[in-house]
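Chains as they are written, first to last, in the working numbering: chain A, 78 to 429; chain B, 184 to 942.
Don't take each hint at face value.
A short, non-exhaustive set of chain B residues, derived as facing chain A with CB atoms under 10 Å [said to hold, decoys possible]: (1) Glu-629; (2) Leu-633; (3) Leu-634.
No wet-lab data here; the hints were simulated from the structure. In this text the structure is predicted, and so the values were computed from the model without any measurement. Where a beta carbon is used, it is the ideal one built from N, C-alpha and C, also for glycine.
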Amino acid sequence: MFSHPQPDSRPGTQRLAIGPRQAARRQTLTQAFLLALLVLTGSAWANPSDTVAPNTADPAAALASSAPMPKEQGLLKEDSQDCMRCHWMENMAYRDRETGKIVNLSIDRDAYSHSVHSELACSDCHDRGFSHYPHRSSSADEALNCVDCHEGRQDDGAPNLIGLKHEYDKSVHVTEGVEAFSCFSCHNPHTFHPARAGESVVDVVAETNNTCLDCHTELLTPVPKGHEWLPRPQAHWGSVRCLDCHTPLEGRIPERPSHNVLAAEDSNRLCVECHSKGSALLSQLYNYRAEQAREQDGFFSQAIYNDAYIVGMTRNPWMDRIGLTVILLMILGVAAHGLGRYYIRRRQEDSK
Amino acid sequence: MNIRSLFATKTRRRLAIVLAVILVPAVLYKVVYPLFFDAYTGVKNAPLTYDTQRLTEPEFDQLALELTEQVRRERAEATVTEDRDAFAREVKMDILMNTPSFIEESGYPHIQYFREAGILEYKGPETCLECHATIDVTHGDGSVTTVDTLDDIVNTVHFKFQTAEGGAFSTYGYDGRQVNAEGSRKIPVGKINRACGIPGSFSWTGWAALVASRPELGPKQGLEGEAQSSPLSTDPPTAEGIALAIDDPGAEGHGVSEGVADGVVLRSEGCGQCHIGGNYHPATEKMMPVGDVPDMAKEGIDCLICHAAEYDMNQRYVIQDKKGLRWNQDRSMRAALTVGRAANQNCLNCHQHNMGGDAYIHNVAAKHLGDKHQRLLHTGAKRGNPFSPEADAHAAAGIKCTDCHVPEGHKIPRGRKGVDLVASDLPHKEVSCESCHSEAPHNVSEHRALLNGHVTRLACETCHIPKLEDNNVVLRDWVHPTWDAEEGIWTPTDIFRSGKPGEGLMYLWFNGNGTFLANALGSNPEGDGSYNPLMEQIARIDNPDVIAAVRARAEELKQQYPDIDVDRYVEMATDPLSQLTPEMLEKRRKMVAENLKTAMEDGESRIYPFKPFNAMMYEDMNNQGPFGAMILPFDYATYYETGDTRASVAKAIQDPIVLRMYQEPFKLYMMDEFMAYFGVDGWKTIYPLTEDKQLGPQVEPHWMRQMGTLMVNHGIQRKGHDCKACHQPDGILDYAALGYPPERVAELSSMDIIEEIEP
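Please work from the sequences and hints to get the whole structure.
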């Protein structure tokens, strides 16, 4: 309901210049192209990345989609309902006196029940000073910390986040000393969920990038600052996550992006890192999605419905060869024709 | 050359045929059709003349000087603080008024324009159009178009107050169809013919009237500070006692008492006082698919009432000429020289009537009732939510009407929500609190987030209009008038007036849709499905205080009208559904459930405050449905002068347009469709007047079958209701009636949170 930027970027908010319809059309084009390719070559090598086969389904994802929530847990727990008596209100928000921005305190019941934390009751995290209204403390006083909390809950199956912390500590958000930056600057624990199976890459990209753009609003301009060199920035942002360029190329793991967000000058600017056969993009999101798609719908459908068409990456060596052959043959033909005319002319001149 | 030679050759004949094909339809359309239309509907058009005066150049200069001095002084007074020593203040103001930049910035720019153009007389629209033949209109998306000014104004709701355009209404018929939705057969509807609790809103019969009043306390001098009451006199004069002096040709609309019997004062009354068309009737021609208002009628448009800072409302009174009655207007050079963009006072010249009410103490227009034939003051307020610095936070902050109602040319938006059948020029343009205040409007309170959270379910107005004016009319009986000795007229009897929550202010779910008879539609998003205002809240008054007040008033009325059965009277007024037969009641229940469900559940509903209103009027029971019957208008003069309400109706429905309404062409053109929206199958054309000009047996007095609910959006207070107003067992919001399930009702009406907030 709010028109102002807010800390939680709701799923499905498409703020990027590339609209869903446009994306769908591009997808159709991609599909048509791939189909043509398949017919032409009679093979199924459309995606050269089949060799990489990481199959590490996020444990949290499994958790979220598990059996219905047991009673008296999560928001159904009695003391949670006391909280939700007020916090369900969509307009439960205020304008921060320092930043002038609207801070939303509303909990979206539906989004929460689909988040990784859906089983937690409010008091599991907010355990002091919130039992009465007006509250004796604010969430800012709580010093809640994802890593520590997860550390302590290993037995409950909470994923260990210590690796993230190591990456995060090196990131520009920490080293440049951005004031009051925390996990919650980007992640809303009340809505957080891993990319769902079946969610299109475009949607995942939009959601991830909106997390960045919520703060980096200066980039929502026609010629985004610092990205002047990048051809068609809006097209890039519609299909590539900010993190695909702004995290180190080395040591990427398939199931999640690195939290070591690089400064502008350290970020990857080399086009061929992505626009090439061994595209860096394939080490994460795109490949992961392809794997998921293949598991669900089989090999061919993955090849056909693959979200990705990337100039330089989506490449078939046979097409290259056929193309080269055609060009060569054409040059030969032109040369032969020219030669033929040359000889005829000479013969005519001779006969005069 | 004689006629025959015109057709002598084949070529000439052909030419003549071509000319005839072009000219005959043009003549038919331009000349024959208007004549036929006027004859058929009984509307009148004639060249309109007003008192205008051509100034000499010295007079012009003198007037310009006075106006400039006056405005400069006003501005200086506003600038120089009042807490100074009086003498020092006077000196400062004097210095300021002679400061070059101050002189340059304060004044009326049109004085210079008129001087340069040599305009010494204001002749009405033609004078304005000399320079403003076209205007640039800025649309909501920032695009600019150039339009013909006269055409622009003539096609606004302000001029024609109806429209047949698709999508101009968020109103639904009781048959479930959106009024004039895309794809339906469009009929002209709007304020011109809406069925409403004010009979005068049948604007053809109530356009302009001269009423011979007989004040017992001497002539009124305008509003003197306090709301008028309507005391019941023990000795009201009889009808014969009032000489109907207005037929006297000597009257001619000039002079209060020339040719008028002793003790009789002519007073002005009618819809035309607030509508800019200055002719003998509303813009009837605009209701037809072809044709236009004649040019001479357009000359009656009063540009200045909206655009002149110094418009004199004392010039607004009924005048009589050979063609009939019409409203005078201020066409003085004094007004003309002060034109500019419409300011709040311009809007309030008319809209005070539906805001604070005619009798509102800070109402400027009501203090200028007219130099002659003073206008009748309506002492009961239509809404009682004034837009004045004294009563509205926005007015106090110097916000202009047009800051929220941002016009596009002469079209002025009234927002996307509309509960009643009032046509809207810009139905899709937003006018809302949120567009300025955002959805997190509270910034000061420690509980601001909690307060903001309420916006999800409550409209801002629900808290920030804590009450309406005391003279807000809830129940009005037009059928049993009472004698107002002070005004010297018979007035409708207000059975109940109140501006208090639960009495004159009620709370309903509203999603922006309304019904054909102005009932707010909406639904409770957390409801158990029991919310049903058309069968419950607005069809019944439960409040025992209100019922007791109605009973007391009914007993008072019985003194004068011995036929009144007090028990039945109270029942009809407070439980209007008791007037329906069991079959009709069942049909109503079914229609509400089947036809209005979609419109009620549409969009996002919030709780809004509404001013409820019901009235007892004469109805044509041949055209009755489960939601009401066709109401019949009153002739104002007969009503006010004699108090004979039946004679007054009989007189009004002799108006040719009412007769036409009861005939087949009108039935087919619009009345069938109109009644379908009204919840009645087909329009019965049995004219309710007998041969001897008496009312037919089908005419019966009734209360409307439910209360109308009028939106209230002004009279905004900075401090709204506090928590306890609603969150306590007997709070002003009846959560059960609003359709909350019992456990939520218990939660919402419990005090525990409030006790924590305010221990």
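Hints, one by one, checked against the model:
1. Glu-629: holds (6 Å)
2. Leu-633: holds (6 Å)
3. Leu-634: holds (9 Å)
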